[in-house]
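**Q** Be aware that the sequence shown starts at 1, since it is given in the UniProt record's numbering, and climbs by one per residue.
There may be inaccurate statements among the hints.
Said to hold, decoys possible - Subject to a maximum C-alpha distance of 25 Å in a straight line, what follows is the list of computed PhoX-like cross-link-like pairs (lysine-lysine):
(1) Lys17 / Lys46
(2) Lys217 / Lys73
(3) Lys155 / Lys22
(4) Lys17 / Lys96
(5) Lys155 / Lys180
(6) Lys30 / Lys217
(7) Lys27 / Lys46
(8) Lys217 / Lys235
(9) Lys96 / Lys46
(10) Lys46 / Lys217
(11) Lys180 / Lys140
(12) Lys46 / Lys30
(13) Lys178 / Lys155
(14) Lys77 / Lys46
(15) Lys27 / Lys17
(16) Lys94 / Lys46
(17) Lys96 / Lys77
(18) Lys155 / Lys30
(19) Lys22 / Lys46
(20) Lys46 / Lys73
(21) Lys178 / Lys230
(22) Lys77 / Lys140
(23) Lys94 / Lys140
(24) Lys140 / Lys17
(25) Lys22 / Lys178
(26) Lys73 / Lys94
(27) Lys155 / Lys46
(28) Lys27 / Lys155
(29) Lys77 / Lys94
(30) Lys140 / Lys119
(31) Lys27 / Lys230
(32) Lys180 / Lys46
(33) Lys30 / Lys17
(34) Lys77 / Lys22
(35) Lys235 / Lys96
(36) Lys140 / Lys27
Calculated from the structure, these hints are not laboratory results. Given the structure is predicted, the values throughout are model-derived calculations rather than measurements.
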Amino acid sequence: MSTFVIGDIHGEYEQLKVLLAKMNFGKQDKLYVLGDLVDRGPDPIKTLQFLMRLSNCICLVGNHEFMAYMGMKILLKEVTEESVCDFAEEDQEKLKEWMLNGGAVTIADFVGLSREERKEVMEYLGNLETYVELEVNGQKYLMVHAGLGNFSEEKPMEEYTLDDLIWARADYSIPYYKDKIVVTGHTPTQTIPDNPHPGCIYRANNHIVMDCGAGFKEGRLAGICLENGKEYYAKEN
């Protein structure tokens, strides 16, 4: 059995299938996905539905799942009750934010689903994990989408807000914990200052950063095996 972690997918379904094949991922393995399954890429709902049906996969909530969930609630209200012109200003702002962050393709896929499929997607998004702690070969890991906003080493995880976990970017210049590695997505490694290997998994100061820019033209999807640290990439850098 192997424990795999995958960074932000952003609707790159074909890259996901390539990556899982390279990992030789099977029913005996465990897969963790660090959020941002949807938006930007060509197949957000297809990606989401594929992962929903993997019994050995745990997905974390990312800021894009949060925006999608809130936006889908508004869209469902529109479909069943009212027209777009009747949207409250707050609803319009939520949809605008989602659209500006690559939500248009997710919206197009979502409205094409059956009523039952929409319900399944909404239930799944509403029950995603906010963080996961586990130990592999004696090494402790904390997995979260973005970072630990308002960080304190003594602060229990239950006291972090959702914004702290899905929006606040991690500070990779310092170790958060002496005995625990924090595994995050959210920040493309291409944007980390002084990163000698942009577009590759970034490791420093008890951080592992998995977002290699999938969903962007020059980006790619990445994964790692926690048992041996082996890195996998859907395509060449």
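**Q** A separate judgement is required for each hint: does it hold in the structure or not?
**A** Consistency of the hints with the structure:
1. Lys17 / Lys46: Satisfied, since the Cα-Cα distance of roughly 12 Å is no more than 25 Å.
2. Lys217 / Lys73: Roughly 30 Å between the alpha carbons, so the hint for Lys217 and Lys73 is violated.
3. Lys155 / Lys22: 38 Å, violated
4. Lys17 / Lys96: The given pair, whose Cα atoms are some 31 Å apart, is violated under the 25 Å limit.
5. Lys155 / Lys180: 14 Å, holds
6. Lys30 / Lys217: Roughly 29 Å between the alpha carbons, so the hint for Lys30 and Lys217 is violated.
7. Lys27 / Lys46: Distance of about 20 Å is within 25 Å: holds.
8. Lys217 / Lys235: Judged against 25 Å, a Cα distance of about 12 Å means the pair holds.
9. Lys96 / Lys46: Holds: Lys96 and Lys46 sit about 23 Å apart, inside 25 Å.
10. Lys46 / Lys217: Distance ~20 Å between Lys46 and Lys217 Cα, so the pair holds.
11. Lys180 / Lys140: Roughly 5 Å separates the two Cα atoms, so the pair holds.
12. Lys46 / Lys30: 20 Å, holds
13. Lys178 / Lys155: 14 Å, holds
14. Lys77 / Lys46: 23 Å, holds
15. Lys27 / Lys17: Answer holds: Lys27 to Lys17 is near 15 Å, not above 25 Å.
16. Lys94 / Lys46: Holds, at about 23 Å.
17. Lys96 / Lys77: 16 Å, holds
18. Lys155 / Lys30: 28 Å, violated
19. Lys22 / Lys46: 20 Å, holds
20. Lys46 / Lys73: 19 Å, holds
21. Lys178 / Lys230: 22 Å, holds
22. Lys77 / Lys140: 43 Å, violated
23. Lys94 / Lys140: Measuring from Cα to Cα gives roughly 37 Å; hence the hint is violated.
24. Lys140 / Lys17: 28 Å, violated
25. Lys22 / Lys178: Judged against 25 Å, a Cα distance of about 32 Å means the pair is violated.
26. Lys73 / Lys94: At roughly 11 Å apart (the allowed maximum being 25 Å), Lys94 and Lys73 satisfy the hint.
27. Lys155 / Lys46: 37 Å, violated
28. Lys27 / Lys155: 36 Å, violated
29. Lys77 / Lys94: Answer holds: Lys77 to Lys94 is near 14 Å, not above 25 Å.
30. Lys140 / Lys119: 36 Å, violated
31. Lys27 / Lys230: 19 Å, holds
32. Lys180 / Lys46: Measuring from Cα to Cα gives roughly 34 Å; hence the hint is violated.
33. Lys30 / Lys17: This hinted pair holds, its Cα atoms lying about 16 Å apart.
34. Lys77 / Lys22: 41 Å, violated
35. Lys235 / Lys96: 32 Å, violated
36. Lys140 / Lys27: Within the cut-off at roughly 23 Å; holds.
Going through the hint list in order, the structure does not satisfy hints 2, 3, 4, 6, 18, 22, 23, 24, 25, 27, 28, 30, 32, 34 and 35.
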